[in-house]
Every structure is written in structure tokens, then in C-alpha cells.
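> Dock chain one against chain two, each of which comes alone in its own frame, and use the hints as you go.
Here is what each chain is made of, one letter per residue.
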Amino acid sequence: MKQKRKNQSKAGTLPIYLILIFTSLFSLFPFYWMFVMATQPSAAYNSIPPTLLPGGKLVENFQKVLDTIPFFQAMWNTVLLCTVVTAAVLLISSLAGFAFAKFQFPGKNFLFILILLTMVIPPQLGLIPQYYLVSQLGWLDTLMGAGILFLLNPLGIFLMRQYISESVPDELMEAAKLDGCSNFRIYWSIVLPIIKPAFATLGIIVFTLVWGEFLWQFTVLRDPSSYTLQVALASLNNAFRVDFGMLLSGVFWATVPLIIIFLIFNKWFISSITEGSVK
Amino acid sequence: MEDVQKQSKARKTIKASKLSEKKKDMISGYLYVAPFFIVFGIIGLYPALFSIVLAFNEWNGLGDMQFVGLSNFTVVLQDPLFWKSLYNTVIIGLMGTAPQLIVGIVLAYFLNLAVIRFTNFFRVTIFMPYITSMVAVALVFGVFFSSNETALANYVIGLFGVDPVSWKTSEWGAKIAIALMVFWRWVGYNTIIYLAGLQSISKDLYEAATIDGANKLEQFIYITIPLLKPFIILTVFMSTVGALQLFAEPTVFLGSSAFSRDEAMTVVMYLYRDAFNLGSFGTASATAVLLLIIIIGAAAINTWLTSGIGSKKKRGV
Chain A
0 MKQKRKNQSK AGTLPIYLIL IFTSLFSLFP FYWMFVMATQ PSAAYNSIPP
50 TLLPGGKLVE NFQKVLDTIP FFQAMWNTVL LCTVVTAAVL LISSLAGFAF
100 AKFQFPGKNF LFILILLTMV IPPQLGLIPQ YYLVSQLGWL DTLMGAGILF
150 LLNPLGIFLM RQYISESVPD ELMEAAKLDG CSNFRIYWSI VLPIIKPAFA
200 TLGIIVFTLV WGEFLWQFTV LRDPSSYTLQ VALASLNNAF RVDFGMLLSG
250 VFWATVPLII IFLIFNKWFI SSITEGSVK
Chain B
0 MEDVQKQSKA RKTIKASKLS EKKKDMISGY LYVAPFFIVF GIIGLYPALF
50 SIVLAFNEWN GLGDMQFVGL SNFTVVLQDP LFWKSLYNTV IIGLMGTAPQ
100 LIVGIVLAYF LNLAVIRFTN FFRVTIFMPY ITSMVAVALV FGVFFSSNET
150 ALANYVIGLF GVDPVSWKTS EWGAKIAIAL MVFWRWVGYN TIIYLAGLQS
200 ISKDLYEAAT IDGANKLEQF IYITIPLLKP FIILTVFMST VGALQLFAEP
250 TVFLGSSAFS RDEAMTVVMY LYRDAFNLGS FGTASATAVL LLIIIIGAAA
300 INTWLTSGIG SKKKRGV
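Taken in order, these protein sequences are the chains called A and B. First residue of the first sequence: 0, per numbering that gives the first Met the number 0; consecutive thereafter. First residue of the second sequence: 0, per numbering that gives the first Met the number 0; consecutive thereafter.
Check the hints yourself; a few may be wrong.
[Claimed, not checked] Restricting the straight-line Cα-Cα distance to at most 25 angstroms, the calculated cross-link-like pairs of lysine-lysine (DSS-like) are:
1. B:K23 <-> A:K176
2. A:K176 <-> A:K195
3. A:K195 <-> A:K266
4. B:K21 <-> A:K176
5. B:K215 <-> B:K202
6. A:K107 <-> B:K22
7. A:K176 <-> B:K22
8. B:K21 <-> A:K107
9. B:K202 <-> B:K228
10. B:K83 <-> B:K174
11. A:K107 <-> B:K23
12. A:K266 <-> B:K202
13. A:K176 <-> A:K107
14. B:K215 <-> B:K228
Bear in mind the hints are in silico, worked out from the structure with no lab data behind them.
Just chain B, same shape as in the assembly (with noise of 0.2 angstroms):
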């Protein structure tokens, strides 16, 4: 009698020790996370939440906030300048990055060739640029794209007979300039990701498709592309984003007329300028909202337009 009493009380005790255990658990899971939410709260949460109460207010940081509505955004949406940092970000993106993920799934294919050898030392220098920062990228092309006519690249492209550009003034000069040295920091970057994606595709499919008298384009297409479609995806959806938020080159590359002209703005930069120059702290919060909603918007869309890539070649075969 007394040994069940003991057995029972013995169980009674385990029974709360591992309760208690649970709760130690669910303690410890809090108190483990909480370091974590306690920084998004400050410089995470708040900050955002603060932005978007911005957006509606007039402030300089400096005294009471006044409530003005949907008077930031107009103001944003009425300047020109805006609507010229937009499209200055949009081509710069589209030159700086689109060639960059072409190239980057051509070289990874190259360099997941069996027949290919050195790929190591390949895919150290190609990698290389993704390295040094953009501060560094910005300045020397800053010093290869200078507006002298003696600059580098204008010796280079006199020897195809092109006429001297001046790169940091003109429309289009700034534009190239700073596309290319996205294109050049990025797309090792871009290689390597496609890489890793190749190497998971198993080289029976490519052996069974050889046996069905597929050539290699054929293969590339109907194996490779759609096989690297999560890839794609990802590194789609990365550049956009990372596309529309540019800031560094353009601001490091033009040096001290940065803010002062409009061929090479960016929206970020016009977001900075109006911050952090003209101290209007209203109208940079709308334009940080309007950046909000295009990043959302443009990382949706060009990601179900890549998401298409695969089902169309399906219908195809």
C-alpha cells in the first residue's frame, strides 16, 4: 500500500517536473527571441509606422507636426523631378540588371561544362567585383568614366570611332556609366547563384535527353531554364527590389553635383534630398511610402512574369 502511494507520488512528481519543463521551454523560447524583437520593435517596427504617420504630416524635425492629409503626396506626385528620378531608376535598373542575369546563366552554364576545366580560378576572378564595395565600384569607374575628354572610356570607345562623351553630364553617359558598374559588381554575384542551382539539376536528365537526339540548345532550353526557374525567381525578385532602391553608385559616382542634377537621380536619392537638404520630412515619408508600394509592386509583378517562364516552355514541348 504504502509502495503505490510512493509510486504514485513519484509519478505525480515527474508528471510536474516535465510540466514544468514545458514551461521552462516556453520561457526560454520567449526570453530567446525576444533580444531579437525587442531591435525590430525600435529600429524595425516603429520607424516604419513612424514613416507612414510622416507621410500625412508636415515636420522638419524640429517642432509640432501638422496634419495636411494627402498634401505630401500630391506635392510628390505633381514634381517633375520625381517622375524623372523614377524613370532614371527604372532604365538604370533595367540596363544594369537585365544583361547581368543573361550573362550570369550563360557563364554558370559554361562553368558547369564536365569539359570545362580551371573553373575554380573562373569562378574566383568572376566573383571577385561582388567584393569590393560600392562605394569603391562607384569611384573608380567615377575616375574610368570621367567627364574629361581624355577619360579611359572615352579613349575606348574613340577606337570604334565614337565621338568623346561627357559621362557625368549627359543623359545618357550617367545612365551607362552607372549601369555598367552594376552589371560588373553583380554579375558574378548572379553566376554563382545560378551555379549552385545547376549543380543540384541531376545529369541523367541531360544524358536521357542526349539519347533522344536533343542538341545542346535544345537541352538548355527545355532542361536547364525551366529546371532553374526557382533560381530565376529569386534572383529576379532580388535585383528588382535591390534595382529600385540604387543610392550608392550614383551618389558616389557624381560626387559633388549628385543633388544638384537630374540625369543620373534616383528616387532614393530624391527621397535624401528632400530629407536630409531641403529638411522636408513630410514629402521624403510620402515618397518612402510611394517607394514601398512600387517595390511591392514591381517584385510582384516581374515575379510572376518569371514564375511564366517554365509553363510556357511546358506548352512548347
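So here's chain A without its partners, still in its complex pose (with noise of 0.2 angstroms):
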């Protein structure tokens, strides 16, 4: 009896695993077909049946993309702006999350609800006050004016109030404080070692989202030498004829490092969402 039992169930997955399995290729072959037109003169996109296996134009294609966007100064405005952007942010919100979480003050109530508004204003409504406000200041096709939009991250207090206020004890506080340390002494020796996790998580959300964005970015780049990677990308697509295997090579190299620091981390980055949206 319990035999037959487990046969069903086993019998009944197959389906499942059948699903699973056309899922995780539809998911996959975006990422194998771009690697195969990576590889291809841009003729055989024409061909038919259609090139399904790589060839042997991965260099050359690369090249190209050498040839027509800086595609190295790109690729290091982008890890500079991220390292940069993410930096920041982490130092910001654990500020503002550790006085959130732990200290009383008059308005603090008030000033939280603001920050949860300012989660609600779609980043459009003040593109073109940024945009003036960047190109006032100097700004323009230069990392900080990309930058400096996202230094404004309500999300990142919320994950840190919270972790803050789970992990770090009172008790560790007043220890600490009758043991003569000053309020910024506490959160440097002994909040930011403990909220480490939180960092990563954070981290790897902020740092994902600069890497990923676009329509700023889009708007305050224009010149070539400051392209981040996206902008970069983007104006491949531009040419009146476009070299499709040029163009996917330019992709493809983009998103290796990526697919590989994703493969490693798999499990922060997964969990990243979970705590960035479900908390």
C-alpha cells in the first residue's frame, strides 16, 4: 500500500519536472542564444534553419565592440559608480536605521512616515528638476551627477532600522555607554560588526538596481568617455544598420561578469529579494 502510494506521487511528478524543466530553458536559452550570436558573423542571423552553435568569431566580434564604444572605460565608470553609490547608501541608511531603531527624539514618528512616502513618488516626478539641478551644478556626463540620484534610498533604513533593532541588544548599549563610549563609537565597533548580514543584503540590492538603470542614467551621459555600461550598450543599437553579432558580443561581455558573481552568490543575491521586499 504505501508502496503504491509513493509509485503515484512519483508518477504524478513527472509532469511537474516536465514544467520545471521547459521553465528553466526558457529562462536559460536568452543567455545561450546570446552567446551563440556572440560568436557568428552577423550573416548567419539570416540563415535558415537559424544558427543554434557557436562559431568562431568571439574575438573578432569583441573587437568591434572595441572599435565603436569604449567599452573598458565603461565597464569601470559603471563597478566605480556602483562601488561608490553602494558605499555610500550602506553608510547613510545604517546612520539614519541605528537612530531610528535605538534613540528617542522629538518628530522621530513624523520623519519615518515621510521616508515611507518618499517610497511612494515614482522616481519620473522629478526628473527634470534633477536633471536641471545636475546640469546647474556642473554635473553633467560626469559619475557624480549619475550618481547622485541614488544616494536617496528609503528602502535601505528600513532593512537597517529593522535589522538593527532585532540584532543589537539594549543591554550591549548601555554596557557600552557605562563603559564611557560616545553614541559613534557604539556604532562603529559594535553595530556595524553585527549588522554585517544586513549589509550584504543591502549591498547586493543597491549595488544590482545602479548597475541595472537606465533612464537616468540615459539622460544625464551623453558624452562617450562618461558612459556607464547601460547608456553604453544602448547606443549600439543606434546605427542605422546594426552588426547583430557586434551588438550581442557587446551584451554578452557585459553580462559575464555578472552571470558569474551571480553563480557564486546565488544565495545572497535570492535572499536579497526576499528581505529587500517581504520585511
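Following this line, the structure appears as C-alpha cells:
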């Protein structure tokens, strides 16, 4: 009887596996196809039946990308932008999160509700004044201009406040105070080491957000030397006659580093989604 | 006598230091939230208010502003292209997000079944599209759905006997292609959120339901869906807001013709074109204010509708 039930449930799982495998292939195919196209001459695109196996033009196509856009400059700009913004957001959010979690001060609740409201305002609402502001500061075509917008991250304060109030015991703070620690010293030597996991979560969220954002970077970065990867890649598609092999070679080489980082830290990535949105 | 005095003096200093401790904490509190609120004031609040002011003025970024009352709104609301872009945004949003949420729930349900193995592998592969950037997705899909007759997408639909489509220049071709890339990139993201929701539901409930004779489908409808409600509300809210802000995918997908054709122009593209291609900051700001109202309205309605899911089910039981 038990055996029979087991067999039944196993047979019942076959369609489920088929659906899951199909979904996985659906998710992976564009990655594979991008690689195939990045190794093929543009003409391969027009062949019937379609080309589904890699060819020998991997290096040649990438050379064309390098001739068309400042790829490595854009990669460097992106990494620099993401790193600086992430570090700044972590600092701003953890300081404010610490204050909201552990200190009493008049107007605290009002300020926290204000942050809640900030999250509802769509980023496009302020686009024109933000552009005007950045242009007045002379920050168009600079990473400063591209980065300043991302410093505003209300979600970070939520995450940090939550994590600090859960994981930093009040007793520990009292004890540190009795020992004569200043509040900043408590933040630096006690809170920061405890909230490292929250830093990883928020860090991944901010880094990927800045890496992939397009509208703002596209608006303020017009000079090719200031391009980030997204803007540089998008510019590949603007020619009248687009060389598909070159285009997808650019996308491929811009995506490979991300895929490698993701495959190594996939657990962190996936938990950053649930922690960032569910809490 | 002296002792008592000393004691009360000591107490006083303790009290004083406690008071100053409180004050210190207060100062620290303000000091630590200050960086955020300075940033918020400069790049959040000020631009938002400035936008609202701009919506009632005529301005091209140079020279003086001129107050024009509601005329920017009239101009936008009488522009057929605005309505077309709103229509496009809603259609692409519906096609891109509604299936995504349904498929996400089903996939999460499968991945949460105890009998299914290799779940980590499936989770990682299904989630992988999310890590690519919107630009990368739009470019890859742009080649897949190129306007050539030999586009891979045309080959695939040809296998089913469908005639080739000019994906970037036809009314439905462009919308379907963009909706599909939105679906592809986000379905895994939603699956992960639903999976977290499913894992928070106690197994006991299902066991009790099995004992009461409920089959798997009934369990899914009467246990899973109602208990998943907070997660469904969250994803519906985020999808609604995200879909109405669609910009990168159509802009990059259409490339050089993005702002000159109307098959896939979205509201944010319309706003962008007004501001940066036509130099009309006033009408663009009016569009931004309208978009804010639309987003708040749509998010409120959708959240309200999804909140109804569970309560209807309860009446059914």
C-alpha cells in the first residue's frame, strides 16, 4: 500500500518536472543564444534554419565592440559608480537606521512616515528638476551627476532599522555607555560588526539597482567618455544598420561578469529579494 | 550629615549625567538621520515640488518661467499621442505582468512540493533572468524579434504556420515582444517572493485538509491562495507601479526609432520626449504629475482588488 502511494506520487511528478525543465530552458535560452550570436558573423543571423551553435568570431566581434564604444572605460565607470554609491548608501542607511531603532527624539515618528511617503513617489516625477539641478552644478556627463540620485534609498533605512532593532541588544548598548563609549563609537565598533549580513543584503540590492538602471544614466550621460555600460550598450543599437554579432557580443561581455558573480553568490542574491521586499 | 550631602550630590550628578545622556541621544538621533534627510531634501522633495510648480508654468530650462495655469495639462490631455502612450503602457503592462504573477504562483507551488528534487537548480535558473539589466534584455530580444523576415521569432512562429511579423513596426508585434521581455525578466523574481510566502505556511494545514478529504487543487485554492495574499498584494502593487514606469525596454528595443514611432511609446517615453527632445519642460512636468496620479490610482485600485481575493474565498468555504 505504501509502496503504491509512493509510486503514484512519483508518476504524478513527471508533468511537474517537465514544466520546470521547460521554464528553466525558457529562462536560459536567451543567455545561450546571446553567446551563440556573439560568436557568429552577422550573416549567420539570416540563415534558415537558424544558427544555434557557436561559431569562431568571438574575438573578432568583441574587437568591433571595442572599436565602436569605449567598452572598458564604460565597465570601469559602472564599477566605480556602483561601488561608491553602494558604500555611501550603506553608510547613510545604517546611521539613520541606527537612530530610528535605538534613539528617542521628538519628531521621530513623523520623520519615519515621511520616509514611507518617499517610497511612493515615482522617480520620474522629479526627473526634469533633477536634470536641471545636475546641469546647474556642472555635473552632466560626470559620475557625480549619475550617482547622486541613487543616494536616496528609503528601503535601505527600513532594512537597517529592522535589522538593528532585532539584532543589537539594548543591554549591550547600555554596557558600552557605562564603559564611556560615545554613540558614534557604539555605532562603529558594536553595531557595524553585528549588521554585516544586512550590509550584504542591502549592498546587493543597491549594486544591482545602480548597475542596471537606465533612464537617469541615459539622461545625464551624453558624452561617450562618461558612458556607463547600460548607456554604452544602448548606443550600440542606434546605428542605422546594426551589426547583430557585434551588438550581442557587447551584451555578452557586459553580462558575463554579472553571471559569474551571481552563480557564486546566488543564495545571497535570492535572499536579498525576499528580505528586501517581504520584510 | 556630610555623608548625606555627599550622597545627594552624587545622586544629582548621576541625574544630571542621565539627563545629558538623554540629550546626547537626542542629538545623536538627529545627527544620524540628517544625511538621509539632506539627500532627500535636495534630490527628492525639492525636485518633486519643483515639478509640480513647473506643471503650471511654461519653461524651456532657460530664461524666465511664465505662469500658464492649467494650459499644460490641457495640451497634454488633448494630445492623442499622450492617450496612445497611456493605452500602450496599460496594454503592455497587462500582457507583461498578469501572466507573470499567475505563472509565478504555480512555479512557486511546484518548487515548494516536498516530492520535487533539484529545486535549488530550478530556483537559480528561473531567477537568473532577473540579474541581467533591462538594456541587455531589450537588446537580446531586439535581435530575436528583429524586423527582418528571417528573425528567429519569425522562424519560431513559422513552425506553427504563422506569417512573419514586422516586430518593431507593427502595433501588436512591438507590444507582444516588449511584454514578453518583461515577463521573461520578472517571472523568476516573483516566483522567489511567492516561494518565501509558501514556505511560511505551516504544513499542518495541508495535512489537516488531506485528512478532511480535500484534493490538491482544493488545497491550492482554499489554503495556499488566501494565505499567500499579503505576498500577492505586494507583487501586484510592485508590478503595477513598475509597469506604469516602463521606459528602458521599449526605448532600447526600438533603438533609433524609439521616439519617432507610436506603437510602443509609453507614458515615461512621452514625458522624456517632451522634455529632452522637444525642450518643453512645462508639459513634460504636467505629464509627470498626471503619471503620479495614475500610478497612485492604479496601485490603490489593484491593491484593493487583490485584497478582495481571500475574503471571497472565505465566503465560498
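> It remains to establish, for every hint, whether it holds in the given structure.
Cross-check of the supplied hints:
1. B:K23 <-> A:K176: With Cα atoms ~11 angstroms apart, B:K23 and A:K176 stay inside 25 angstroms; holds.
2. A:K176 <-> A:K195: Holds, at roughly 22 angstroms.
3. A:K195 <-> A:K266: holds, 16 angstroms
4. B:K21 <-> A:K176: Distance of about 12 angstroms is within 25 angstroms: holds.
5. B:K215 <-> B:K202: Holds, at roughly 13 angstroms.
6. A:K107 <-> B:K22: Holds, at roughly 14 angstroms.
7. A:K176 <-> B:K22: holds, 14 angstroms
8. B:K21 <-> A:K107: Between B:K21 and A:K107 the Cα gap is close to 15 angstroms, so the pair holds against 25 angstroms.
9. B:K202 <-> B:K228: Since the Cα atoms of B:K202 and B:K228 sit roughly 17 angstroms apart, the hinted pair holds (cutoff 25 angstroms).
10. B:K83 <-> B:K174: Within the cut-off at roughly 13 angstroms; holds.
11. A:K107 <-> B:K23: holds, 15 angstroms
12. A:K266 <-> B:K202: Holds - the C-alpha atoms of B:K202 and A:K266 are around 24 angstroms apart, at most 25 angstroms.
13. A:K176 <-> A:K107: holds, 22 angstroms
14. B:K215 <-> B:K228: Between B:K215 and B:K228 the Cα gap is close to 19 angstroms, so the pair holds against 25 angstroms.
Violated hints: none; the structure is consistent with every hint.
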